[in-house]
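Could you slot chain A onto chain P? The hints should help.
Residue numbers (our numbering), protein chains in the order written: chain P, 1 to 259; chain A, 260 to 625.
FYI, nobody ran anything at the bench for these hints, they're computed from the structure. Here a beta-carbon is modelled for each residue, glycine too, at the ideal position from N, C-alpha and C. Treat the hints with caution; some may be incorrect.
Stated by the list, open to error - In silico BS3-like pairs for lysine-lysine, Cα to Cα no more than 25 Å straight-line:
#, chain 1, residue 1, chain 2, residue 2
1, A, 407, A, 554
2, P, 4, A, 447
3, P, 4, A, 450
4, A, 304, P, 200
5, P, 4, P, 115
6, A, 536, P, 115
7, A, 407, A, 536
8, A, 407, A, 539
9, A, 481, A, 447
10, A, 447, P, 115
11, A, 303, P, 200
12, P, 200, P, 115
13, A, 554, A, 539
14, A, 539, P, 115
15, A, 481, A, 450
16, A, 554, A, 536
What the hints assert, rightly or not - Which stretches of chain P does chain A cover? Using the computed rule of at least three CB atoms under 8 Å from a CB of chain A, they are:
#, region
17, 170-177
18, 183-196
19, 200-206
20, 211-222
Residues per chain, in single letters:
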Amino acid sequence: MTLKLTAQGALIYLVMAVHLLAFALTVGRRPRAGWIVYAAGFVVACASVAFRWWAVGHVPLQMMFEVFLVLVMLVFPLSVVCKRVWNVGGQQWDMLVAAALLVPAGFVFPEASRKLPPALQSPLFIPHVMAYMLAYVLMAKATVQAIRQLGAGRSPEAAQFEIASYRVARLGLVLLTGGLLLGAWWGKMAWGDYWNWDSKEMWSLATWLVYLAFFHFRALYGRRFARVNAALLILGMVVIVFTLVGVTFLLPSMHSYAS
Amino acid sequence: MDAADDSRPMGSVRRFFLLGAVIGCLVLAVLSVIPTFLGPDAAKKWFLSPLGAAAWGIFAFLAAAGIVAIGALRRRLGLLAMHVGMVLVIAGAMWGSELMCRLRSDLFGSARITEGHMMIGQGESSSEVFDQARAEIGRLPFEVHLEKFWIEYYDVAPEEPWEFTSWTIDRGSEGAWVGQRVEWRQGKPIKLSPCDVELLVTDYQLARYGEGPDAPVLPEVKVRLSRDGAAIEGLLQPEPGMPELRLSLAALYGSEEAWREADAPWLRLQPPTPVIKDFKSALIVRDGDRELARKTIEVNAPLHVGGYHFYQFSYDQDDEQYTVLSVVSDAGLSTVYAGFILLIGGLVWHVLSFRRPRRTRGGDVR
Numbered sequence: 001m002t003l004k005l006t007a008q009g010a011l012i013y014l015v016m017a018v019h020l021l022a023f024a025l026t027v028g029r030r031p032r033a034g035w036i037v038y039a040a041g042f043v044v045a046c047a048s049v050a051f052r053w054w055a056v057g058h059v060p061l062q063m064m065f066e067v068f069l070v071l072v073m074l075v076f077p078l079s080v081v082c083k084r085v086w087n088v089g090g091q092q093w094d095m096l097v098a099a100a101l102l103v104p105a106g107f108v109f110p111e112a113s114r115k116l117p118p119a120l121q122s123p124l125f126i127p128h129v130m131a132y133m134l135a136y137v138l139m140a141k142a143t144v145q146a147i148r149q150l151g152a153g154r155s156p157e158a159a160q161f162e163i164a165s166y167r168v169a170r171l172g173l174v175l176l177t178g179g180l181l182l183g184a185w186w187g188k189m190a191w192g193d194y195w196n197w198d199s200k201e202m203w204s205l206a207t208w209l210v211y212l213a214f215f216h217f218r219a220l221y222g223r224r225f226a227r228v229n230a231a232l233l234i235l236g237m238v239v240i241v242f243t244l245v246g247v248t249f250l251l252p253s254m255h256s257y258a259s
Numbered sequence: 260m261d262a263a264d265d266s267r268p269m270g271s272v273r274r275f276f277l278l279g280a281v282i283g284c285l286v287l288a289v290l291s292v293i294p295t296f297l298g299p300d301a302a303k304k305w306f307l308s309p310l311g312a313a314a315w316g317i318f319a320f321l322a323a324a325g326i327v328a329i330g331a332l333r334r335r336l337g338l339l340a341m342h343v344g345m346v347l348v349i350a351g352a353m354w355g356s357e358l359m360c361r362l363r364s365d366l367f368g369s370a371r372i373t374e375g376h377m378m379i380g381q382g383e384s385s386s387e388v389f390d391q392a393r394a395e396i397g398r399l400p401f402e403v404h405l406e407k408f409w410i411e412y413y414d415v416a417p418e419e420p421w422e423f424t425s426w427t428i429d430r431g432s433e434g435a436w437v438g439q440r441v442e443w444r445q446g447k448p449i450k451l452s453p454c455d456v457e458l459l460v461t462d463y464q465l466a467r468y469g470e471g472p473d474a475p476v477l478p479e480v481k482v483r484l485s486r487d488g489a490a491i492e493g494l495l496q497p498e499p500g501m502p503e504l505r506l507s508l509a510a511l512y513g514s515e516e517a518w519r520e521a522d523a524p525w526l527r528l529q530p531p532t533p534v535i536k537d538f539k540s541a542l543i544v545r546d547g548d549r550e551l552a553r554k555t556i557e558v559n560a561p562l563h564v565g566g567y568h569f570y571q572f573s574y575d576q577d578d579e580q581y582t583v584l585s586v587v588s589d590a591g592l593s594t595v596y597a598g599f600i601l602l603i604g605g606l607v608w609h610v611l612s613f614r615r616p617r618r619t620r621g622g623d624v625r
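Pulled out of the complex, with its shape left as it was, chain P reads as follows (with noise of 0.2 Å):
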């Protein structure tokens, strides 16, 4: 763990300050200051990765450094759709998600920029890594519903967690389809075909499979089993993290930009 004395540095830190303070705003029973200050996160947020645009000369999803700075900006937008079209909440639990997201681009992962490779040079290459952040935030807040419905144990609660989880990852999977599919053509346009077996196309399939098992038996018991669906969400929370940061330090692929 290393302090990073750089302005990007600070500017992770002040990222990390200002959500941890919307935090405790919110659940010190302040939520609009919470919200505010949640919301003023998010623009220090956006500043952050724009500066590592400028910094770097490309955009910023190529390091798993840059990849961390994206995934906490995109936390605000999606806490606020899934508030106004589904009425999810926890906000405050998105709020130190964001926090401890910035914690390994704050202190572990090394700032160093590279240039872009051949294979990154594409069209396809904001679409398909963005379309996977924005499929983890969503299966990160699905996650977190599931864990405070297991919580909630057998109150009234706990349906609405369980209903909240299903609905937040019914747009995380139609995310998770579309990046594992526009994976697969980028793959074909660079590397000859649309799917090379290696580790992170592999366990990118394996977390799509997960959630579908999902789906799947959901739509068998619908909420019989309500335990054991916030189990598949939450056993698929774990493969995507496995999928973002062991695939990429532990086994050898093609996917090896990133570390």
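Just chain A now, with coordinates in the frame of chain P:
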């Protein structure tokens, strides 16, 4: 499709296929990740084996049988499109797979190449396709001519730091010198592999030599090299027209002879290595005297002709005189792409067809 909202009892057929889908998805998920710990070749080998093909075949069967057996699935356009798409993707993939190509070749004598590589020199033509072991696997029904191959580099900014590389003799390859980049950072000591010498860059400054914007900008580097309690310090100042500076470490070993006997490296300070931005091949495809296609290909911009795709795969790393193309057959590709479109289109349609939840006055969602 939300069973929680459907008050009709579920038929046993629908239950069977849904449960089969759940189990199938989870089993395939596990089978997908296990081979990743063994490497991409192991994963490919498993999934292209009869057992792997059977697993996907069963999955496709479940999707197809579900369409036939479950009326609700057929009545909802989005769900139907998704499942048909899934079947098409698997069918197209199987049709284009090496296994199926071998079967077609054995049964019908079809000699189509599935995938391979071509190595073509500048100004030369070829129709030969090789596998990874450089054994010829067949010939294309046309010739590919390489007009020109070239590499584009990113501009090197004047302030980009110069590189240190350490060079040692590789006894195994007839005494060839092997260089290794040293990942240095100012103020951070770093061990030079494979010896026990430590390099510390104490100061790195840039100086402009001359007047005007085109005057060269060169570094002035203060270094400290230490080993076994002994240390030497120096200032490295490349001059205009001097592409690199070499530094002997003999002083740390007592004598040149001791330095050679220890197989210790020498150090080189050199300008930053330009980073490759792109590499391109200008190709012409001919069938006798008839020109079929002409295109400059690069990574992400292949050439499509005669049922094959040609990709910029690699090149002559020493002299940049030949290009290496990857050749891939398009068998099954349009079926797979059609499946992709139906899969994502069906999913989007299905999700959009859900009613937006209505809120009660109390803010509860229904």
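We went through each hint and held it up to the structure:
no.	hint	verdict
1	A:407 / A:554	holds, 11 Å
2	P:4 / A:447	holds, 15 Å
3	P:4 / A:450	holds, 23 Å
4	A:304 / P:200	holds, 17 Å
5	P:4 / P:115	holds, 21 Å
6	A:536 / P:115	holds, 8 Å
7	A:407 / A:536	holds, 17 Å
8	A:407 / A:539	holds, 8 Å
9	A:481 / A:447	holds, 13 Å
10	A:447 / P:115	holds, 24 Å
11	A:303 / P:200	holds, 14 Å
12	P:200 / P:115	holds, 21 Å
13	A:554 / A:539	holds, 10 Å
14	A:539 / P:115	holds, 18 Å
15	A:481 / A:450	holds, 17 Å
16	A:554 / A:536	holds, 19 Å
17	170-177	holds (count 5)
18	183-196	holds (count 12)
19	200-206	holds (count 4)
20	211-222	holds (count 9)
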